[in-house]
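Protein sequence lines, in the order shown, are assigned to chains R and Y.
Positions 1 to 163 (my numbering) are the ones given, in order, by the first sequence.
Positions 164 to 209 (my numbering) are the ones given, in order, by the second sequence.
The set of hints was computed from the structure by calculation and includes no laboratory data.
Treat the hints with care, as some may be off.
Below 16 Å or equal to it, Euclidean Cα-Cα: the simulated EDC-like pairs (lysine to aspartate or glutamate) are [unchecked claim]: (1) R:K45 / R:E69; (2) Y:K169 / R:E120; (3) R:K112 / R:D124; (4) Y:K169 / R:D124; (5) Y:K169 / R:E118; (6) Y:K169 / R:E117; (7) R:K45 / R:E59; (8) R:K45 / R:D70.
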Amino acid sequence: MRKLLIRLLVTIAVIIIGFGVVPPAQAASGILTPCSESSAFQQRKSSAPDNYYFNKPYEAYSAFEVCGEDGLPHLPITLGTAVDVAIPFVLFHYVAGFIGWSARSYLIAANKSSNPEEKEIFIDLPLMIASIIQGLLWPLLALKELTTGELTAKANEVYVSPR
Amino acid sequence: MQHLAKYLTSAPVIATITMFILAGALIELNRFFPGLQYGTYFHAVP
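Model the full assembly from the supplied sequences, consistent with the hints where possible.
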């Protein structure tokens with residue numbers, strides 16, 4: 001009964017938060033105007049400091065971007081600009097995975113050696129360089145390890161606290 | 164010499180060297196390709 005009540009309350013909370021509190025989308029395409037025509041944007045531009053790091057972006061925004069009522073540039077996602085999102089997205093995930101995979105392969109190799117603790121304090125440079133090169137290929141290696149089952153632990157190896 | 168090499172490969176020193184190289188690479192990237200943060204690099208007109 002108690003579990004059912006909690007589940008009911010959670011469902012109600014999800015409905016209220018999901019549909020009630022969130023304001024309607026402000027950045028509908030009808031509200032967005034080119035930044036050069038937006039008075040709020042012009043106000044921001046004139047009150048910004050007069051140097052390269054503010055002038056250059058504001059010039060680019062007023063030439064190319066569309067602004068909302070807040071006077072800030074918004075980027076509506078179209079198929080043409082999707083590439084501009086996809087490239088940084090892919091780069092970020094590749095770099096994040098590269099860092100993680102390099103460290104993971106270094107630690108796995110260190111654990112297999114005779115002195116794993118020492119290899120964590122004094123970095124084994126040949127091993128580090130090998131790990132970094134391995135990290136560059138991480139999407140392929142992750143796929144390979146996922147199919148062979150090396151990437152994930154088996155269910156009976158994961159400790160579950162008594163309940 | 165052997166001890167110096169041992170010191171230079173200790174984790175904090177390697178981390179510092181890595182941070183210097185990374186910072187240098189990012190600064191040079193912004194010197195030669197400035198403006199990547201404006202979102203108008205690949206498409207001038209969205």
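Outcome of the hint check:
Distance hint between K45 of chain R and E69 of chain R is fulfilled; the C-alpha atoms sit about 14 Å from each other, no more than 16 Å. With a C-alpha separation of about 13 Å, the suggested pair K169 of chain Y and E120 of chain R falls inside the 16 Å cut-off, and the hint holds. Of the supplied pair hints, the one linking K112 of chain R and D124 of chain R holds, its CA atoms being roughly 13 Å apart against a limit of 16 Å. At roughly 10 Å between alpha-carbon atoms, K169 of chain Y and D124 of chain R fall within 16 Å of each other, so this suggested pair holds.
Taken as a hint, the K169 of chain Y and E118 of chain R pair is honoured in the structure, with Cα atoms around 11 Å apart against an allowance of 16 Å. Taking the CA atoms of K169 of chain Y and E117 of chain R, the gap is about 15 Å. The hint holds against a cut of 16 Å. Between K45 of chain R and E59 of chain R, the direct Cα distance comes to roughly 9 Å. Compliance with the 16 Å bound is thereby established for this hinted pair. Annotation: proposed proximity of K45 of chain R to D70 of chain R holds, straight-line Cα distance about 13 Å (limit 16 Å).
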